[in-house]
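Taken in order, these protein sequences are the chains called A and B. Note that the numbering used here has the first sequence beginning at 91, numbered continuously upward. Note that the numbering used here has the second sequence beginning at 1251, numbered continuously upward.
These are calculated hints, taken from the structure and not from any lab test. Be aware that one or more of the hints could be misleading.
Unchecked claim - With a Cα cut of at most 27 Å, we get these calculated DSSO-like pairs of lysine-lysine:
id	chain 1	residue 1	chain 2	residue 2
1	B	K1259	B	K1307
2	A	K196	B	K1307
3	A	K184	A	K158
4	B	K1307	B	K1321
5	A	K199	A	K184
6	B	K1321	A	K184
7	B	K1259	A	K199
8	B	K1307	A	K184
9	A	K196	A	K167
10	A	K199	A	K158
11	A	K196	B	K1321
Values in this document were obtained by computation on a predicted structure and should not be read as measured data.
Next come the chains, spelled out residue by residue.
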Amino acid sequence: GDSVTQMEGPVTLSEEAFLTINCTYTATGYPSLFWYVQYPGEGLQLLLKATKADDKGSNKGFEATYRKETTSFHLEKGSVQVSDSAVYFCALSKTQGGSEKLVFGKGTKLTVNP
Amino acid sequence: NAGVTQTPKFRVLKTGQSMTLLCAQDMNHEYMYWYRQDPGMGLRLIHYSVGEGTTAKGEVPDGYNVSRLKKQNFLLGLESAAPSQTSVYFCASSLFATGELFFGEGSRLTVL
Chain A
91 GDSVTQMEGP VTLSEEAFLT INCTYTATGY PSLFWYVQYP GEGLQLLLKA
141 TKADDKGSNK GFEATYRKET TSFHLEKGSV QVSDSAVYFC ALSKTQGGSE
191 KLVFGKGTKL TVNP
Chain B
1251 NAGVTQTPKF RVLKTGQSMT LLCAQDMNHE YMYWYRQDPG MGLRLIHYSV
1301 GEGTTAKGEV PDGYNVSRLK KQNFLLGLES AAPSQTSVYF CASSLFATGE
1351 LFFGEGSRLT VL
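The shape of chain A in the complex, shown without the other chains (with noise of 0.2 Å):
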């Protein structure tokens, strides 16, 4: 079935840094592909998304670009804040029951300290 896999964390980095949250996909036809962002005690907010191969989403600072050829949707941001501490899940889109759903990875939790 589709699926999805993320780095796993925690995440340590310190300000300024360069991120990166792998994530990779199984998935039958073409998904659209998804980052969201949890930040504590909150729920999940969408922070970007693709649709098709090549696409790149940017929001923030992050961008994920949609790689069929690696099945890869990797999330990067040049610059980290201390802001961005957060959990990160990739996830993508499938169409069950009549219904497209969300099915997501693991989360990555990313910690940056000042």
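Go by the hints and put chain B onto chain A.
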């Protein structure tokens, strides 16, 4: 703009007790979802609804029931709570079936 609101935020139950979690959204969204979040497991879909009066099973539906009598509300019920249902529950909604979900802040349930 309230978005997606879940009540209650916290609840402690004894094994065998019943309870209902309420999710309300004010965005006129068609689709609503209930997920549970457990450490190391990510989010898993319990039940979902594609419109008022409809419900369907997700990945982990056993032990839960849902109802969507009004478009803005999606209720999750536990008829006989078990310790394995200790979790954080998230409700979400979306306007279209595009994967762009709006989440509530979560409800932490502990079953003793």
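Fill in: Hint check against the structure, violated hint numbers in rising order
Result: hint 11 breaks, nothing else.
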